[in-house]
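Protein chains: 2
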Amino acid sequence: MIKIIINRVAEDLKMEKTFIVETSARHVHVNQETLEALFGVGYQLTVKKPLSQPGQYASGEKVEVIGPKKSLTCSILGPCRKDNQVELSFTDARTIGITAPVKESGDIANTPGCILKGPAGEVELKNGVIIAKRHIHMTPEDAITFGVKDKEIVSVKVTGTGRDVIYGDTVVRVNKSYALAMHVDTDESNAGAFGGEVLGTIVK
Amino acid sequence: MIKIIINRVAEDLKMEKTFIVETSARHVHVNQETLEALFGVGYQLTVKKPLSQPGQYASGEKVEVIGPKKSLTCSILGPCRKDNQVELSFTDARTIGITAPVKESGDIANTPGCILKGPAGEVELKNGVIIAKRHIHMTPEDAITFGVKDKEIVSVKVTGTGRDVIYGDTVVRVNKSYALAMHVDTDESNAGAFGGEVLGTIVK
Numbered sequence: 105m106i107k108i109i110i111n112r113v114a115e116d117l118k119m120e121k122t123f124i125v126e127t128s129a130r131h132v133h134v135n136q137e138t139l140e141a142l143f144g145v146g147y148q149l150t151v152k153k154p155l156s157q158p159g160q161y162a163s164g165e166k167v168e169v170i171g172p173k174k175s176l177t178c179s180i181l182g183p184c185r186k187d188n189q190v191e192l193s194f195t196d197a198r199t200i201g202i203t204a205p206v207k208e209s210g211d212i213a214n215t216p217g218c219i220l221k222g223p224a225g226e227v228e229l230k231n232g233v234i235i236a237k238r239h240i241h242m243t244p245e246d247a248i249t250f251g252v253k254d255k256e257i258v259s260v261k262v263t264g265t266g267r268d269v270i271y272g273d274t275v276v277r278v279n280k281s282y283a284l285a286m287h288v289d290t291d292e293s294n295a296g297a298f299g300g301e302v303l304g305t306i307v308k
Numbered sequence: 105m106i107k108i109i110i111n112r113v114a115e116d117l118k119m120e121k122t123f124i125v126e127t128s129a130r131h132v133h134v135n136q137e138t139l140e141a142l143f144g145v146g147y148q149l150t151v152k153k154p155l156s157q158p159g160q161y162a163s164g165e166k167v168e169v170i171g172p173k174k175s176l177t178c179s180i181l182g183p184c185r186k187d188n189q190v191e192l193s194f195t196d197a198r199t200i201g202i203t204a205p206v207k208e209s210g211d212i213a214n215t216p217g218c219i220l221k222g223p224a225g226e227v228e229l230k231n232g233v234i235i236a237k238r239h240i241h242m243t244p245e246d247a248i249t250f251g252v253k254d255k256e257i258v259s260v261k262v263t264g265t266g267r268d269v270i271y272g273d274t275v276v277r278v279n280k281s282y283a284l285a286m287h288v289d290t291d292e293s294n295a296g297a298f299g300g301e302v303l304g305t306i307v308k
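Just so you know, the sequences run in chain order A and B.
With this note's numbering, you'll find the first sequence wraps up at 308, consecutive numbering, no jumps.
With this note's numbering, you'll find the second sequence wraps up at 308, consecutive numbering, no jumps.
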């Protein structure tokens with residue numbers, strides 16, 4: 105019954121060409137090898153909270169992300185991936201003394217590294233620190249509804265927060281495994297005073 | 105000669121209906137009484153760097169801004185004012201554990217307080233912590249050029265940064281003592297990937 109209601113809300117949003125805008129706080133993706141170096145041989149991530157993207161979750165595990173200037177605690181998101189990746193806001197990166205580029209998730213060529221520290225050890229990443237490019241996850245069906253295609257760059261409007269914004273340079277990412285949601289970092293969320301349920305619309 | 109060139113650049117920008125967007129990092133304004141409680145009897149602020157607004161400057165003095173959770177170091181801007189005021193970004197406020205509202209500078213009614221700590225003592229502020237509302241300083245002549253009036257709410261577009269933005273809810277502040285410049289906080293600056301000379305235009 106709850107599932108039917110949730111689906112109906114999601115469908116209503118799509119009818120209005122609107123989607124939820126979620127804030128991604130700084131976080132880390134690791135591969136199994138790195139996880140074991142940080143937490144011990146054979147270690148498995150624990151699921152703390154499912155995220156909007158199917159199969160993805162906030163784990164119970166945290167690591168220290170150490171830069172030249174300072175360190176910050178970051179949650180690990182699961183499940184493990186092929187590559188390690190640290191997603192910070194510009195504020196976070198400046199705090200720990202790293203100059204990182206705005207990149208799409210997975211695009212870690214020519215990015216700076218950092219040190220990760222867990223209870224069982226440290227791992228030096230040669231690269232993988234990015235400022236995530238803002239993006240909208242959607243299914244191929246959603247892409248038809250919104251009249252956009254994979255990799256298209258769009259602008260997204262959020263109003264009614266007291267700090268209205270239109271965010272350009274937002275990339276559309278289409279995959280049948282995705283759920284409809286836009287992701288911004290904490291700087292972007294704060295610049296728009298996002299709180300509670302935030303809805304975005306694509307403007308052309 | 106340099107002054108003539110600078111004035112010419114400023115005039116050229118106005119001709120193109122464009123203005124510089126400056127980032128205000130977190131900072132504190134104090135009155136003379138607070139300054140003396142923090143730094144000692146008879147203390148005077150030292151001028152470190154003039155700011156774009158005539159007569160305003162970054163002082164050489166820093167204080168700890170202490171919240172329930174943590175503290176952050178902030179520069180004091182001079183000269184001393186009538187009221188104490190602490191201007192943070194949402195990121196800063198969350199870091200030290202304070203929930204502050206978005207307000208225009210000077211509008212400190214119904215705002216939270218904090219503790220300021222200097223080398224000579226601490227001062228407990230009952231209120232004065234704000235997230236500054238983004239704003240454009242301009243003279244009455246500038247207001248005619250841009251076709252806006254004091255207190256008008258406008259949207260400002262910044263492009264070419266890789267994180268294009270249009271910031272709504274931007275208040276125009278007109279005073280003959282002002283110099284033409286838009287001010288945003290570090291969250292807003294980072295959300296737009298502002299760096300180097302950033303130019304904004306008003307969009308209606």
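Among the hints, erroneous ones may be present.
A pair holds if it fits inside one copy or across any two, identical chains being indistinguishable in the list.
[Said to hold, decoys possible] Straight-line alpha carbon distances no greater than 30 Å define the calculated DSBU-like cross-link-like pairs of lysine-lysine that follow:
1. K255 / K308
2. K121 / K253
3. K261 / K173
4. K308 / K153
5. K308 / K230
6. K186 / K230
7. K152 / K253
8. K121 / K174
9. K166 / K152
10. K237 / K153
Quick caveat, the hints were computed from the structure, so don't treat them as lab data.
Note that the structure is predicted; figures quoted are calculated from it, not measured.
Hint by hint, here is what the structure shows:
no.: 1; hint: K255 / K308; result: both (15 Å within a copy, 29 Å between copies)
no.: 2; hint: K121 / K253; result: within (15 Å within a copy, 35 Å between copies)
no.: 3; hint: K261 / K173; result: neither (36 Å within a copy, 33 Å between copies)
no.: 4; hint: K308 / K153; result: neither (35 Å within a copy, 42 Å between copies)
no.: 5; hint: K308 / K230; result: neither (39 Å within a copy, 46 Å between copies)
no.: 6; hint: K186 / K230; result: within (15 Å within a copy, 51 Å between copies)
no.: 7; hint: K152 / K253; result: neither (33 Å within a copy, 51 Å between copies)
no.: 8; hint: K121 / K174; result: neither (42 Å within a copy, 41 Å between copies)
no.: 9; hint: K166 / K152; result: within (11 Å within a copy, 40 Å between copies)
no.: 10; hint: K237 / K153; result: within (23 Å within a copy, 34 Å between copies)
Of the numbered hints stated above, those contradicted by the structure are hints 3, 4, 5, 7 and 8, listed in ascending order.
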